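Based on these hints, arrange chain B on the given structure of chain A.
Number of protein chains: 2
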Amino acid sequence: MDEEKKVGTYECVAEPFHVDFTGRLTMGVLGNHLLNCAGFHASERGFGIATLNEDNYTWVLSRLAVEMDEMPRQYERFRVQTWVENVYRLFTDRNFAILAEDGRPLGYARSVWAMINMQTRKPADLLDLHGGCIVDYVCKDKPCPIGKPSRIRVQAAEPVESLRARYSDIDINGHVNSIRYVEHILDLFPLERYRETPIRRFEVAYVAESYYGDELSLYVDDCGGNAYAVEMRKNGKETACRAKVEFGGCCK
Amino acid sequence: MDEEKKVGTYECVAEPFHVDFTGRLTMGVLGNHLLNCAGFHASERGFGIATLNEDNYTWVLSRLAVEMDEMPRQYERFRVQTWVENVYRLFTDRNFAILAEDGRPLGYARSVWAMINMQTRKPADLLDLHGGCIVDYVCKDKPCPIGKPSRIRVQAAEPVESLRARYSDIDINGHVNSIRYVEHILDLFPLERYRETPIRRFEVAYVAESYYGDELSLYVDDCGGNAYAVEMRKNGKETACRAKVEFGGCCK
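Those protein sequence lines, which keep their order, are chains A and B.
In this text, residue positions in the first sequence follow this note's numbering: the first is 44, and each later residue adds one.
In this text, residue positions in the second sequence follow this note's numbering: the first is 44, and each later residue adds one.
One chain only, chain A, in its complex shape:
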């Protein structure tokens, strides 16, 4: 397949209620756009959620890492490109480029996905699906010049914050949705932190689903260099997700 055809390109715009107090798109909304574009791209190739659901399979986002030189401003049009970098037996790597209207790269993102059987919740073999044709979509030539999702560890013994999962947190599957985790993590930081320097890199690793009414506690390590590692635990024990937020800095 032509390498060009392996890349999906989608138009977006930074809506007024989707920008923060600095007038720039929030990381949560950007994440939403990326996941939508991943959905469009997969659907157009026969691997969309709707098709998979018919066979009782679904995609599960495992990791997302976004690195931005610049966030789109209010009303700014931008483009999201997405492509599949690798397919393994249990995971696939999907990359993104976020481009300004003039084609200038604003940033990049990497994501890791698994496919599960919705009944057994067990992972599916991606190379076994549709006769292994998913590998035809792998695009090796397009660069994604940002680091891979890293291993995040949090030492903090006490939560800085606790909240309960509510109506607005819950998606069609009855789980707290991936974007709301990001928003709750962004809300840990005071406005001053965002005013000094915007987020340069945001990483999140989804570990376990949480549900309506779950108590979500947030543990934070200051990694130095304007970077923070965050762990969200549900009901005082199990890890729901981990994240790393770098405000122009570098987290060790």
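These are calculated hints, taken from the structure and not from any lab test.
Model, not experiment: these values are computed from the prediction.
Don't take every hint at face value.
Which copy is meant is left open, because identical chains are indistinguishable; a pair holds if it fits in one copy or across any two.
[To be verified] Here are the computed lysine to any residue pairs in the SDA-like style, where the Cα-Cα straight-line distance is at most 20 Å: (1) K165 with S105; (2) K277 with L234; (3) K49 with K183; (4) K277 with D214; (5) K49 with C182; (6) K49 with V130; (7) K277 with D230; (8) K191 with D112; (9) K280 with E204; (10) K49 with Q124.
Quick look at chain B alone, frame taken from chain A:
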């Protein structure tokens, strides 16, 4: 002007992270779409925020009432029509129709807006602006078969909930954004409430701006008939907004 040209029509889609656990668009996201469409429509006619800002004026949403027979489902395409019903000296009434892809009405909305001078925060005379040409856009012929925003009163003496305005709440003007108020109000109700019957009508009246760090307390009256009146007060005193939420019922 041709009556047809006075109505703006905009295409929308119910994105996966914008639907709730029932798979239907949330009222907050619908509100966001309506306000975006209001913005497009005003801009196309020379009354957009960007143009107004140059002269130090801006639109302020005063009231919004939405009544839905049916909310769009996940991935469903729908259309928002909007038009100006009335222009008075200090307020203008803007209506909306929400249509399914086949043109069937899913619901309607009414909104009331004022224009203020951004420096003095005083209201502007709408009939004075651009030589009064705003009245040329008034469309009297298109029906909006739902009740006008009503007067909301809340008696409750104790708040049921309190929260602090955070990063994700704050818009480019430094205020808690209109949609986040809606979301915080929706989050007052348990999932069961939404499962029994979806929201039929949602009304909100914006009274005073709130800011980062403000403590927002929510007071709720059960009006009977599956309807609730809500008042949000900031820092224990001033009213920020009032709302009425009707789950298929009717609030007296």
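We went through each hint and held it up to the structure:
{"no.": "1", "hint": "K165 with S105", "result": "within (14 Å within a copy, 50 Å between copies)"}
{"no.": "2", "hint": "K277 with L234", "result": "between (26 Å within a copy, 19 Å between copies)"}
{"no.": "3", "hint": "K49 with K183", "result": "within (10 Å within a copy, 50 Å between copies)"}
{"no.": "4", "hint": "K277 with D214", "result": "within (17 Å within a copy, 29 Å between copies)"}
{"no.": "5", "hint": "K49 with C182", "result": "within (6 Å within a copy, 47 Å between copies)"}
{"no.": "6", "hint": "K49 with V130", "result": "within (14 Å within a copy, 51 Å between copies)"}
{"no.": "7", "hint": "K277 with D230", "result": "both (17 Å within a copy, 19 Å between copies)"}
{"no.": "8", "hint": "K191 with D112", "result": "within (17 Å within a copy, 46 Å between copies)"}
{"no.": "9", "hint": "K280 with E204", "result": "within (15 Å within a copy, 25 Å between copies)"}
{"no.": "10", "hint": "K49 with Q124", "result": "within (10 Å within a copy, 36 Å between copies)"}
Comparing the model with each earlier hint shows no violations; every hint is respected.
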